[in-house]
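Kindly produce the complete structure, drawing on both the sequences and the hints.
The listed protein sequences correspond, in order, to chains A and B. Numbering-wise (the numbering used here), the first sequence opens with residue 1 and increments by one. Numbering-wise (the numbering used here), the second sequence opens with residue 1001 and increments by one.
Incorrect hints may appear among the rest.
[What the hints assert, rightly or not] Some, not all, of what chain B presents toward chain A, calculated at C-beta under 10 Å:
1) G1006
2) A1016
3) A1165
[What the hints assert, rightly or not] Which bits of chain A does chain B cover? Going by a derived footprint, with three or more residues having C-beta under 8 Å, they are:
4) 40 to 54
5) 80 to 91
[Claimed, not checked] Straight-line alpha carbon distances no greater than 20 Å define the calculated EDC-like cross-link-like pairs of lysine to aspartate or glutamate that follow:
6) K1101/B / D48/A
7) K86/A / D1068/B
8) K86/A / E1063/B
9) K1101/B / E117/A
10) K86/A / E1162/B
11) K1101/B / E120/A
Keep in mind the hints are simulated off the structure, nothing from the lab. Think of the CB as a built atom: it goes at the ideal place given N, C-alpha and C, for glycine as much as any other residue.
Each chain, written out:
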Amino acid sequence: MVLYGVAALAVCLLSGALVGELLGAAVGVDANVGGVGFAMIMLVVVSDRLRRNGKLPEATEQGVLFWSAMYIPVVIAMASTQNVVKAIAGGPMAITAGLAALAVGAALVPVLSRIGEPAEPLPPLVEEEREV
Amino acid sequence: MDRIIGVFESNDLLVAFVVVGGLMAISVWLSKKLTRGWLHGSAIAIILGLALAYWGGWVTGGEHGLADIAIFSGLGLLGGAMLRDFAIVSTAYGVDLREIKRAGLVGVLSLVLGVLVSFAVGAAIAAAFGYTDAASMATIGAGAATYIVGPVTGTAVGASSEVIALSVAAGLVKSVVVMVGTPLIAPLIGLNNPKSAMVYGGLMGTTSGVAGGLAATDKRLVPYGAMTATFYTGVGCLLGPSLLYVVLRALVGG
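As C-alpha cells, then:
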C-alpha cells in the first residue's frame, strides 16, 4: 500500500527528530542536532534491508518516491516564503557577511574534497530524469 | 468577490500547488528560451520565488514572504520546515550508504571547518563595519554561520538586539545567496559528486540554502549535502557561544 511508504517515511523523520532533540538537550544546545540526518540514515538502512529481503513492494516504494519528486516544488515554495526583505534591510554589512561566508566556504570545497579517495562525478542526467 | 477569495483562502494548500506549478512551468520555459538550458528551470523558479517573497514581504510587512498574503498562505505550509524536512528525508531513498561512509570523515571535518570559517569571516566583517566588541563580533560571526546560531549566540553572550537582528539578516543573506549561487559556482568547485556535496553541505550549513542550491544544481546531490548540513546548526550553537566566543574575547579583549 502506498500509505505504508508515506507512514514509514514519517516514522523515520519523527524518530530522527526525537533523536536530534535529545542529542541537543544532552549537549545543552537549544537546537535540533542532526535530526534530519539521522532520519535519512534510518531510511537508507531500513529500506536497504527490506529490499534485500524482498519485503518492499512497489506500491510502498511509490509512497516514498512521490515525496522525493515533490522535493523541488517544496523548495520553490520555501524560497517564496523567505524573509528576503529583512535580508536586504540588514544593509551592506549583512550582505557582505553572507556573501563572504559563501565565497570562503565554496573555496574550501575543492581543498577538502581532495582528502581521502578521489570521487567520480555522477553520470550526466538523461532528459527524463530532469523532468522529474 | 469575498466568497470567491474565501474559496482560495480555505483551500490554501491547493492554491500553493497551483502557484508553484505555474512558477515551475514559466521557469522551465524561460530556461529553454533564454538560457538554452544552461540555467536549470528549478534555479530560475527559486529566483522567481525569492523575488515574489521580497514583493510579499514589502507589501504586507510580514516575515514570511508571499505566504503573508492570505490567499498564498498555503505556501507557508508547503514550504515550511515540516514538509521541507519530509521531502529532504525522502530524497535519501536509494542513496548509496557506502558513499556516505566513504566521505564520513571529510564530512565531519567540513562541518567543524565550516562553522569556524563562517564565524571568523563574519566576525572580521563585523569589525570592519565598526562592531569591535567581542560580543557583537561573535554574534554577527555566528549569524554568518546560520540565522539560528546568530540569535542563540547573541542571547548567550548578551549582545544588543540591534546586533542580533543584524546577525539574523547575515544568516538570511547567506541562505539566499547559497540558494541562488550554488548552481553558478558548482562547476568551478567540482560540485558534481556525492563526496563534494557532503563537503559543501558541511561548509555551508544553511539547510534551506543547501537544499535549494543543490536542487537547482543536480537533484541527486541533495541527500548528501543535506545530510551534513543538518548537523551544522547544532555544531554552531554548541561552539558559537562557548569556545569560539572565549577565543575571540581573548583575541580582541572585552
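Results for each hint:
1. Residue-level restraint check for G1006/B is violated (minimum Cβ-Cβ distance to chain A is 22 Å; threshold 10 Å).
2. Given the 10 Å rule on beta carbons, the hint for A1016/B holds: about 6 Å separates it from the nearest Cβ of chain A.
3. The restraint placing A1165/B at the interface with chain A holds, with a minimum CB-CB distance near 8 Å, inside the 10 Å limit.
4. Beta-carbon proximity to chain B at under 8 Å applies to 7 residues in the segment 40 to 54 of chain A; the threshold of 3 is reached and the given coverage holds.
5. Interface restraint, the segment 80 to 91 of chain A with chain B: holds (12 residues with C-beta to C-beta distance below 8 Å; minimum three).
6. For the given pair, K1101/B sits about 15 Å from D48/A by alpha-carbon distance, which is consistent with the 20 Å threshold.
7. Distance check on the hinted pair: K86/A and D1068/B sit about 14 Å apart at the alpha-carbon level, within 20 Å; holds.
8. At most 20 Å may separate the alpha-carbon atoms for a hinted pair to count; K86/A and E1063/B meet this at roughly 8 Å.
9. The hinted pair formed by K1101/B and E117/A meets the criterion: a straight-line CA distance of about 12 Å does not exceed 20 Å.
10. Distance hint between K86/A and E1162/B is fulfilled; the C-alpha atoms sit about 13 Å from each other, no more than 20 Å.
11. With a C-alpha separation of about 15 Å, the suggested pair K1101/B and E120/A falls inside the 20 Å cut-off, and the hint holds.
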